Amino acid sequence: MSRPTQRRRDRPRPLLALCLVLGVLPSCAPQAKDAAPPVVLPETFSHTGTEPVPEKWWLALGDAQLNALVEQALAGNLNLRATWDRLDQAAAVARRAGASLTGTAGAERTRTVTAGRPREYQTSFSLGLAAGYEVDLWGRVRSTVKAAELEVTASREDLAAAAITLAAEVAGTWYGILELRGQIALLDSQIRTNEEYLELVTLRFRRGKVSAVDVLQQRQLVEATRAEQVQTESRLRVLEHQLAILTGRPPAALAARAEGELPALPPAPRTGLPAELIRKRPDICSAYHRLQEADQQVAAAVADRFPRISLAAGADTSAEEVRNLFDNWLAGLAANLTAPLFDGGEREAEVDRTRAAASERLHAYGQAVLESLKEVEDALVQERQQQRFLASLDQQLDLAAKATEQTRQQYVNLDYLRVLDALKSQQHLQRTRIQAQRELVQFRINLYRALGGGWEMTRPAAGGDARAAR
Numbered sequence: 000m001s002r003p004t005q006r007r008r009d010r011p012r013p014l015l016a017l018c019l020v021l022g023v024l025p026s027c028a029p030q031a032k033d034a035a036p037p038v039v040l041p042e043t044f045s046h047t048g049t050e051p052v053p054e055k056w057w058l059a060l061g062d063a064q065l066n067a068l069v070e071q072a073l074a075g076n077l078n079l080r081a082t083w084d085r086l087d088q089a090a091a092v093a094r095r096a097g098a099s100l101t102g103t104a105g106a107e108r109t110r111t112v113t114a115g116r117p118r119e120y121q122t123s124f125s126l127g128l129a130a131g132y133e134v135d136l137w138g139r140v141r142s143t144v145k146a147a148e149l150e151v152t153a154s155r156e157d158l159a160a161a162a163i164t165l166a167a168e169v170a171g172t173w174y175g176i177l178e179l180r181g182q183i184a185l186l187d188s189q190i191r192t193n194e195e196y197l198e199l200v201t202l203r204f205r206r207g208k209v210s211a212v213d214v215l216q217q218r219q220l221v222e223a224t225r226a227e228q229v230q231t232e233s234r235l236r237v238l239e240h241q242l243a244i245l246t247g248r249p250p251a252a253l254a255a256r257a258e259g260e261l262p263a264l265p266p267a268p269r270t271g272l273p274a275e276l277i278r279k280r281p282d283i284c285s286a287y288h289r290l291q292e293a294d295q296q297v298a299a300a301v302a303d304r305f306p307r308i309s310l311a312a313g314a315d316t317s318a319e320e321v322r323n324l325f326d327n328w329l330a331g332l333a334a335n336l337t338a339p340l341f342d343g344g345e346r347e348a349e350v351d352r353t354r355a356a357a358s359e360r361l362h363a364y365g366q367a368v369l370e371s372l373k374e375v376e377d378a379l380v381q382e383r384q385q386q387r388f389l390a391s392l393d394q395q396l397d398l399a400a401k402a403t404e405q406t407r408q409q410y411v412n413l414d415y416l417r418v419l420d421a422l423k424s425q426q427h428l429q430r431t432r433i434q435a436q437r438e439l440v441q442f443r444i445n446l447y448r449a450l451g452g453g454w455e456m457t458r459p460a461a462g463g464d465a466r467a468a469r
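Residue numbers (numbering that gives the first Met the number 0): 0 to 469.
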């Protein structure tokens with residue numbers, strides 16, 4: 000046996016050793032674990048209705064103007080567009096992280112011209128290829144990629160939650176506008192009534208049947224009602240500005256001047272079960288996906304403490320003529336093992352940090368679940384109690400109208416202060432009734448919002464390519 004042949008047999012076989020390592024060590028790779036919710040869910044809610052909630056819940060209110068406003072907001076609201084942009088950012092980060100699984104590659108081409116004696120030149124050509132790939136023994140790269148993908152999923156849920164919140168804000172603002180318009184119309188009527196009473200009291204004063212105090216008190220009531228109307232008009236303008244901003248327009252650009260009335264509520268929606276709620280509310284789903292993301296980050300940090308193995312491959316060729324370029328390939332494969340020897344505890348500290356972050360997100364997820372249950376229960380009890388309050392207001396209004404009429408008829412024999420008190424009480428109840436009806440509608444909006452859900456969303460064309468989410 001020749002000596003060169005013996006040397007070739009005695010050479011270490013790094014590729015064979017690497018394959019043995021690849022076959023033995025994956026079972027040691029750290030794995031992310033699913034975390035159970037830290038909250039015990041009740042079996043049912045305290046109350047439920049019978050009507051299913053449509054995906055676009057505002058359609059249940061049967062208000063065509065509201066439907067149009069919500070669609071305008073979903074298309075034009077700038078905060079919602081920014082949420083779309085955050086989803087794009089998360090998707091780009093996930094694609095960048097995924098590139099780590101496919102490695103890197105590059106190519107280089109050179110041409111060299113060597114000058115010798117005058118009019119004599121020697122030309123050579125060379126071509127090189129290189130590729131690098133990290134062997135993901137411990138799952139570090141996979142965990143990093145999975146964490147980025149979970150961030151995309153969470154961002155998609157954030158978008159759905161933002162859309163639900165926006166729709167609720169538009170609905171609440173719209174019905175606030177309708178309430179104030181109703182209040183202004185009522186105040187117009189009350190001003191006319193108070194002016195009629197003022198004429199009556201003034202006539203009796205001129206005949207010497209009442210004192211000047213009665214006239215002054217009635218004038219004060221007229222001015223107080225006018226002042227209330229001025230303040231109500233100011234609040235109306237503010238809400239109109241807010242609605243314009245929600246729909247993505249300048250404050251002065253609102254065209255929602257059409258008349259409308261506060262709606263009568265449809266039958267109560269079916270609430271479902273608490274366990275169903277946490278699966279369909281996008282904010283809870285977002286918190287859960289970010290908890291999973293944090294768990295993957297823990298796995299990546301643990302894996303980062305172990306050695307990294309990377310493969311590098313290269314191929315080079317050169318020739319004096321292009322036609323011979325591909326006849327002289329030289330190829331090589333190298334494996335590099337990089338192991339952390341001493342880092343002052345940096346990697347261990349990173350593991351501790353990611354574990355603490357995962358614990359934080361676990362508790363945030365549990366808090367989100369608790370708050371969602373509270374929001375549903377709050378809306379349920381508020382709507383029921385508000386209905387009872389409205390029934391009481393209707394009875395009070397009936398009694399107040401009778402009392403006002405009786406005191407007006409008996410004004411000749413009564414002190415005018417009693418007439419004034421009855422009139423003020425009736426008018427106050429009338430304004431309270433409109434406000435209470437709007438609050439009842441708001442409680443139903445709160446319930447729809449608390450029940451979550453969602454719908455397939457299409458990105459507005461003006462903000463980029465039309466793409467569906469959720």
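Some hints here could point you the wrong way.
Stated by the list, open to error - Straight line, CA to CA, 25 Å or less: simulated BS3-like cross-link-like pairs of lysine-lysine:
id	residue 1	residue 2
1	K208	K423
2	K373	K401
3	K373	K279
4	K55	K401
5	K423	K55
Said to hold, decoys possible - Estimated spans, in silico, between C-beta atoms of each pair:
id	residue 1	residue 2	range
6	A63	L398	16 to 24 Å
7	R236	R346	41 to 49 Å
8	L77	E195	46 to 54 Å
9	P249	T201	33 to 41 Å
10	L272	L77	53 to 61 Å
11	S358	D393	24 to 32 Å
12	R236	G48	54 to 62 Å
No lab work stands behind these hints: they were computed from the structure.
Note that the structure is predicted; figures quoted are calculated from it, not measured.
The beta carbon of each residue, even a glycine, is placed where N, CA and C say it ideally should be.
How the hints compare with the structure:
Between K208 and K423 the CA atoms are separated by roughly 22 Å; this keeps the pair inside 25 Å, and the hint holds. Between K373 and K401 the alpha-carbon distance is near 42 Å, which puts this suggested pair outside the 25 Å criterion. Distance hint between K373 and K279 is fulfilled; the C-alpha atoms sit about 16 Å from each other, no more than 25 Å. Of the pairs offered as hints, the one joining K55 and K401 is violated, with about 44 Å between alpha carbons and a cut-off of 25 Å exceeded.
At most 25 Å may separate the alpha-carbon atoms for a hinted pair to count; K423 and K55 exceed this at roughly 42 Å. For A63 paired with L398, a C-beta distance near 37 Å fails the hint of 16 to 24 Å. For R236 and R346, the Cβ-Cβ distance of about 60 Å falls outside the hinted range of 41 to 49 Å, so the restraint is violated. Checked against the hint of 46 to 54 Å, the pair L77 and E195 passes, with Cβ atoms roughly 50 Å apart.
Restraint check, P249 to T201: a C-beta distance of roughly 47 Å breaks the suggested window 33 to 41 Å. Distance hint check for L272 and L77: the Cβ-Cβ separation is about 37 Å, which falls outside the suggested range of 53 to 61 Å. Between S358 and D393, the C-beta spacing of about 53 Å breaks the proposed range 24 to 32 Å. Between R236 and G48, the C-beta spacing of about 36 Å breaks the proposed range 54 to 62 Å.
This entry does not satisfy hints 2, 4, 5, 6, 7, 9, 10, 11, 12, going by the numbered hints stated previously.
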